[in-house]
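Protein chains: 2
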Amino acid sequence: MKGKVVALLVAGSLAVGAGGTYAGMTMFSDDESPSLLEKAIENGTERKIGSSGSAEDFEKIEKTYELISEKYVDDVDQEKLLEGAIQGMVNTLDDPYSVYMDAKTAEQFNDTLESSFEGIGAEVTMMDGYVTIVAPFEDSPAEKAGLKPHDQIISIDGKSTKGLDLYDAVLKIRGKKGSTVKLEIKRAGVSDPLSIDVKRDEIPIETVYSDVIENNGKKIGHMKITSFSEDTASDFEKQLKELEGKGIDGLVIDVRGNPGGFLNAVQDIAQLFITKDDPIVQIEARNGEKQRFFSDTSKKKDYPIVGLIDKGSASASEILAAALKEAGGYEVVGEKSFGKGTVQQAVEMEDGSSLKLTMFKWLTPDGNWIHKKGVEPTVKEEQPAYYRANPITIEKPLTYDMTGEQVKNVQTILKGLGFNPGRDDGYYDNKTETAVRAFQNANKVKATGKVDEETASLMEQKLLEKIDSGKNDQQLQTAIEVLFGK
Amino acid sequence: MKGKVVALLVAGSLAVGAGGTYAGMTMFSDDESPSLLEKAIENGTERKIGSSGSAEDFEKIEKTYELISEKYVDDVDQEKLLEGAIQGMVNTLDDPYSVYMDAKTAEQFNDTLESSFEGIGAEVTMMDGYVTIVAPFEDSPAEKAGLKPHDQIISIDGKSTKGLDLYDAVLKIRGKKGSTVKLEIKRAGVSDPLSIDVKRDEIPIETVYSDVIENNGKKIGHMKITSFSEDTASDFEKQLKELEGKGIDGLVIDVRGNPGGFLNAVQDIAQLFITKDDPIVQIEARNGEKQRFFSDTSKKKDYPIVGLIDKGSASASEILAAALKEAGGYEVVGEKSFGKGTVQQAVEMEDGSSLKLTMFKWLTPDGNWIHKKGVEPTVKEEQPAYYRANPITIEKPLTYDMTGEQVKNVQTILKGLGFNPGRDDGYYDNKTETAVRAFQNANKVKATGKVDEETASLMEQKLLEKIDSGKNDQQLQTAIEVLFGK
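Protein chains in written order, with our numbering: chain A, -10 to 475; chain B, -10 to 475.
I should point out that these hints are in silico values taken from the structure, not numbers from a laboratory.
Bear in mind that the values here come from a model prediction, so they are computed numbers and not experimental data.
Hints may contain errors.
Chain copies aren't distinguished; within one or between two, either way the pair holds.
Claimed, not checked - In silico DMTMM-like cross-links for lysine to aspartate or glutamate, where the CA-CA straight-line distance does not exceed 25 Å:
(1) Lys227 <-> Glu320
(2) Lys325 <-> Asp181
(3) Lys148 <-> Asp117
(4) Lys362 <-> Asp146
(5) Lys171 <-> Asp190
(6) Lys52 <-> Asp157
(7) Lys361 <-> Asp146
(8) Lys361 <-> Asp64
(9) Lys279 <-> Asp64
(10) Lys49 <-> Asp157
(11) Lys69 <-> Asp117
(12) Lys265 <-> Glu219
(13) Lys49 <-> Asp83
(14) Lys439 <-> Asp390
Please construct the entire structure, taking both the sequences and the accompanying hints into account.
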């Protein structure tokens, strides 16, 4: 009887998982394939549930509930207490990817998912107790505003995120196109929080971008996958055919900043490049049983292929990167990836609340579990330092003999723009002043040698232009070189 | 029937609360007086419990429990899940002073309490999700190692405190006398965590220190209360009689760094100085009912009295400060206090676990609730900046043209030691170099103008000597001046 209840609960889940990721849900997840799901259900019904909590155990929960309800100094929302109990159980798992949504939050989430998706366009997760940016979407408001992977969101519109769960936080960040949300950000290496305004927009759900780059007489196909959602595999296949029709000499598969998505989406893409000899990925259940997923492709593509990853590449992106590297023997260029090696399944409760629970691990073709480790690139390449520059906050103009992080940031940006001040330790010396003057002269503003708001905003603008142009994408450049064995 | 269960639970509580605070429990709390306790029990039995959670509500908790137990990717500790549910309910209160201890933790705690207390000697609380120092005890290892109020403890012996509750953290910090615990500290205004080793010691439970200070021909009694525990009121009364026997001309009651304790202890002390015309404190229950506590003293002392507080003065200390100020009309010197305006009651469960629950607010004689606000001194006085200097961390010697927080810290310390470098913004200029040389010459080490480990440790030592001498206690000095109307 109890077994049956569990099975029913699990059976109700697939839709939520699928719907969620499809419409640009701001969580990354590998929802399992139907075959595994059915396997899970089967296990559920077959297994005896013998070790459940005894009646006395639950009685203690009830007594605490009554004590708090009756005696706490303020009036207590009893519904919240019960939801807190469920949240508390999920918290003991110490797994940022197992997440509980109460009925109201789940409903709001589904509403948002059904309409077109309006927000800031960033994937977030819960890390170290903070809502944390995994990666901003390509060309999203979040990216334009300067949000970076691993940024911790400490407040939203002036309200602390402390105690908010991930879903509540996401609902506060989302909102009508054109409206603005003010985020307070804690960034590693920056002691004062950054205040960043992001103007919300409609977030497109295209997940595959492709173009042909001409380089030394070769045609390189560059395919960027921004997340693995429902249509990603078919979009990818279609665009790859187009590239092949144009006669590409090589292919770069770029999953930088890609936070993941459906397991079957990445499987469908990986099997275009991986032959049937090696598993693409292995899914391991709690009992240690492993299910290996194989391609039915018998022949490799006749052009070279390179994967491209960075520390924002998570989950399904890491499955792809590991498959390319270990099963395909391809080079993978970039930075060590995020490190998420688990698979979640959403379970809808009868009252509309929902529990997204980590049920499986995934292992690389060689059987490695990359959780909290990440996939190492075969060829390391970082973007230049100015890619990681922060927005400049000007309280009073920065001038000679000042010191601090804002000066350091300006020095990094100046160097990135070709006006190298010779130091980037945050002390505003004579050479920094000279570099600022040179920048001001080149941009036809008064050469004061001081960084006021006007100069700061000009610096930020020029830097974004330089990054957006794509001409300085050092990682992509290296990937192309590696492609042809240089 | 249900009402009776609750009443029994509450009745079992007084011993734990009392035992806990008596033996130097590292939590600050105002345990209520028996009369109020009995009142609470009475309310409990009389009130109808009509609004408890329905069976279906608890069923959802049970289902989630089963789902996680059966399906989570790793083996699940089911006991931990149930404890998590209770912890989760307590967390929804968003009250750092309501704390749940499972049976094992509660037992370990009682063990520690019964033996003599060995640890680092600091009061801690949970703030913003971090174990946070309220105040180190006087002359404790924590104070000597340089721990400060509001320091956040982010790791203990290399293990993150994330996810630890307060009690677990305290048990890890405590340990055998002579052993060392390594704390990683996040301090406001310091971007990199500080690593601080503290050698544990036996922590004395004396809570009252008194001496006579001679100043301009006057004898000033200086009574310092470090916490309000079982014997504090009688110790205070005894030592006050001794001071009065020596013919003091005035009294400074010093509760700086005092994190609180028993409500009745502070009441017994306050009524020595407050007459029966005004309430010492008002205790407010959830239903808004207030109980006022009056003194039976009819005549004020014939010498002037001044209170002395700082931002480490919390809870019972704030009751005393507010009573002195509002009911006694005395001056209170120092800094705005911590801001804790609630009263907790420990409730022991049948299985040995314990819930410390906020059940009352306390209001000042005039009816103000100072929670999260603090008590404002009537005369503001801060200690000099060097009282707040941080331990110096030397990775490589600090030299000319360097910049950063360590340089800033050294500049603050140099100024405090009388070698003013003229700036404290963290840039190591020529004048800083000159000041370092002067310090080195005065202390007979080679005048390199660089701060290496030897010079840094000498600076720290000289600074601690200066602070420990007591001669530079600016707040106490001001309190003495205020005493005689200067």
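Of the numbered hints stated earlier in the document, which are not met by this structure?
Checked against the structure, no hint fails, so every one of them is satisfied.
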